[in-house]
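**Student:** Listed below are the residues making up each chain.
Protein chains: 2
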Amino acid sequence: MLYFIGLGLGDAKDITVKGLEIVKQCSRVYLEAYTSILTVGKDALEEYYGRELLLADRDMVEQEADEILKGADVSDVAFLVVGDPFGATTHSDLVLRAVNAGIQYRVIHNASIMNAVGCCGLQLYNFGETVSIVFWTDTWRPESFYDKIKKNRDLGMHTLCLLGEGRKIYEPPRFMTVSQAAEQLLEITICVGLARVGAEDQVIRAGTLRQLASCDLGGPLHSMIVTGHLHPLEVDMLRLSAATPDALQDLRMTDSSTYTS
Amino acid sequence: MLYFIGLGLGDAKDITVKGLEIVKQCSRVYLEAYTSILTVGKDALEEYYGRELLLADRDMVEQEADEILKGADVSDVAFLVVGDPFGATTHSDLVLRAVNAGIQYRVIHNASIMNAVGCCGLQLYNFGETVSIVFWTDTWRPESFYDKIKKNRDLGMHTLCLLGEGRKIYEPPRFMTVSQAAEQLLEITICVGLARVGAEDQVIRAGTLRQLASCDLGGPLHSMIVTGHLHPLEVDMLRLSAATPDALQDLRMTDSSTYTS
Chain L
1 MLYFIGLGLG
11 DAKDITVKGL
21 EIVKQCSRVY
31 LEAYTSILTV
41 GKDALEEYYG
51 RELLLADRDM
61 VEQEADEILK
71 GADVSDVAFL
81 VVGDPFGATT
91 HSDLVLRAVN
101 AGIQYRVIHN
111 ASIMNAVGCC
121 GLQLYNFGET
131 VSIVFWTDTW
141 RPESFYDKIK
151 KNRDLGMHTL
161 CLLGEGRKIY
171 EPPRFMTVSQ
181 AAEQLLEITI
191 CVGLARVGAE
201 DQVIRAGTLR
211 QLASCDLGGP
221 LHSMIVTGHL
231 HPLEVDMLRL
241 SAATPDALQD
251 LRMTDSSTYT
261 S
Chain P
1 MLYFIGLGLG
11 DAKDITVKGL
21 EIVKQCSRVY
31 LEAYTSILTV
41 GKDALEEYYG
51 RELLLADRDM
61 VEQEADEILK
71 GADVSDVAFL
81 VVGDPFGATT
91 HSDLVLRAVN
101 AGIQYRVIHN
111 ASIMNAVGCC
121 GLQLYNFGET
131 VSIVFWTDTW
141 RPESFYDKIK
151 KNRDLGMHTL
161 CLLGEGRKIY
171 EPPRFMTVSQ
181 AAEQLLEITI
191 CVGLARVGAE
201 DQVIRAGTLR
211 QLASCDLGGP
221 LHSMIVTGHL
231 HPLEVDMLRL
241 SAATPDALQD
251 LRMTDSSTYT
261 S
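Keeping their order, the protein sequence lines are chains L and P.
According to our numbering, the first sequence is numbered sequentially starting from 1.
According to our numbering, the second sequence is numbered sequentially starting from 1.
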């Protein structure tokens, strides 16, 4: 059996009880090491789980999948993923390879930024398409995320922006900050910056893009929401995380004059 | 401290290690008992956690919140929610009451249907607004969910349909099946039915609405996705869950003739 086990978002203890039991009993345990990071490193996980972890980088998962699947038809292999196992396409690829090789698989779910983002008070039902805001280079300045955000806003939907993806395969991960992303989006209105969701030191800041551009939310991972139409209860929740004391003072007024629903 | 602890989707062992440690140490532990259900009952949770659980129904959370918050400024109180704590608006309300009463709160995240639905192979990034399909009555036949699904499809987005909400407060929960929901949506194309996601006996079935209408996916909870534009890798994944052997045979062809992206 090939187990896909989500590790959640914070530290070693965010694994589920069920997930931990399976990790302890598997013959090999891989740690997927490229789509996201926890607030603790591989060493801390190995110590808490009491197991050696084999790092599976993007190359290995995409080109040496057979190595991961080896023997999984007769013994148990675990593939650990930060967040939930089905945030990234590449794990679909691994599932299909397993099925084609006659290997059964099972998923142990956990929180990921796609649902935990609800902690800021915006309702998950009201999110449209998720976008990635990538680092611009001198020669590569994609703007497609802007159009998607605009489409969502036209429908009154919030947009979760995943930050800093699109790096080249052979580069180490680069983490875009909320401040960097806000600089690219200054002309759009109320946003929410989230850092290290689920960890002890998580930070949530709501404000205009200009305000967020000067906010330092600390270490990775950062995410950002561009709000759509705001429900009054959502406004109350966002005020708990206001970037400055008067940041969202006029929000409800602005909101009702901007939208006509 | 008031702890909001997600229980995940399956059984007692889907709580995180961190969540379980907090449950064992709190002075009172409430179990939110109206927005969703696990595959096991309150008794099984009490036995596994080694704690008495106080049932908090919708009335209590909305009208007797003070009871829940009592003493949480000097001791620890846990509020357990199936899935992740921030799927439902009412918990925002409880957060705001706590903050106004000077009580600190913390969220222990977990999987919810909003992210675990990725297990079917459709990419979470490509979901638009989530809709609720409610039971129609003789006098109440809302159709707004149809317009939202259509908007998402116009944008090429998938739609997660939560089933069977909208019941009256004083009625016991009623769980709409995928079959019942599909009957209402027969004229739309490829859908995915999901039952008991994260549990041992989870079921995923992909097919046309007419096919899903005659599929029995067993006990609650059921969810359903109406697909938007399908990526080839998503089609491959959906074939793993085809309702009938030839259900999705012509899908890629149909897809490319329907969409022009």
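If you are wondering where the hints come from, they were derived from the structure by calculation, not from laboratory data.
Small disclaimer: the values here were computed from a predicted structure and weren't measured.
There's no promise every hint is true.
The list treats identical chains as interchangeable, and a pair is accepted whether it falls inside one copy or across any two copies.
Below, a list of computed lysine to any residue pairs in the SDA-like style, where the Cα atoms sit at most 25 Å apart [as the list claims (entries may be wrong)]: (1) 70 - 125; (2) 24 - 246; (3) 70 - 240; (4) 13 - 50; (5) 24 - 47; (6) 42 - 12; (7) 70 - 219; (8) 151 - 123; (9) 70 - 236; (10) 24 - 202.
**Student:** Hint by hint, say whether it matches the structure.
**Tutor:** Structure-based check of each hint:
When the C-alpha separation of residue 70 and residue 125 is checked against a cutoff of 25 Å, the pair qualifies neither within a copy, at 40 Å, nor between copies, at 31 Å. With identical chains, the CA atoms of residue 24 and residue 246 are never at most 25 Å apart, being 50 Å at best within one copy and 40 Å at best between copies. Taking the shortest Cα distances, residue 70 and residue 240 sit within 25 Å of each other only across copies (21 Å), while inside one copy they are farther apart (50 Å). Taking the closest pair of Cα atoms, residue 13 and residue 50 come within 25 Å of each other both inside a single copy (13 Å) and across two copies (19 Å).
Taking the shortest alpha-carbon separations for residue 24 and residue 47, both the intra-copy value of 12 Å and the inter-copy value of 23 Å come in at or below 25 Å. In this assembly of identical chains, residue 42 and residue 12 lie within 25 Å of each other by CA distance solely inside one copy; the values are 10 Å within and 27 Å between copies. Taking the closest pair of Cα atoms, residue 70 and residue 219 never come within 25 Å of each other, the shortest separation being 37 Å inside a single copy and 35 Å across copies. Within a single copy, residue 151 and residue 123 get their C-alpha atoms as close as 18 Å, and across copies as close as 19 Å, so both meet the 25 Å cut-off.
Proximity of residue 70 to residue 236 under the C-alpha cut-off of 25 Å is restricted to the inter-copy arrangement: shortest distance 22 Å between copies versus 52 Å within a copy. When the C-alpha separation of residue 24 and residue 202 is checked against a cutoff of 25 Å, the pair qualifies only between copies, where the shortest distance is 24 Å, while the shortest distance within a copy is 29 Å.
When the structure is compared with the earlier hints, violations turn up for hints 1, 2 and 7 and for no others.
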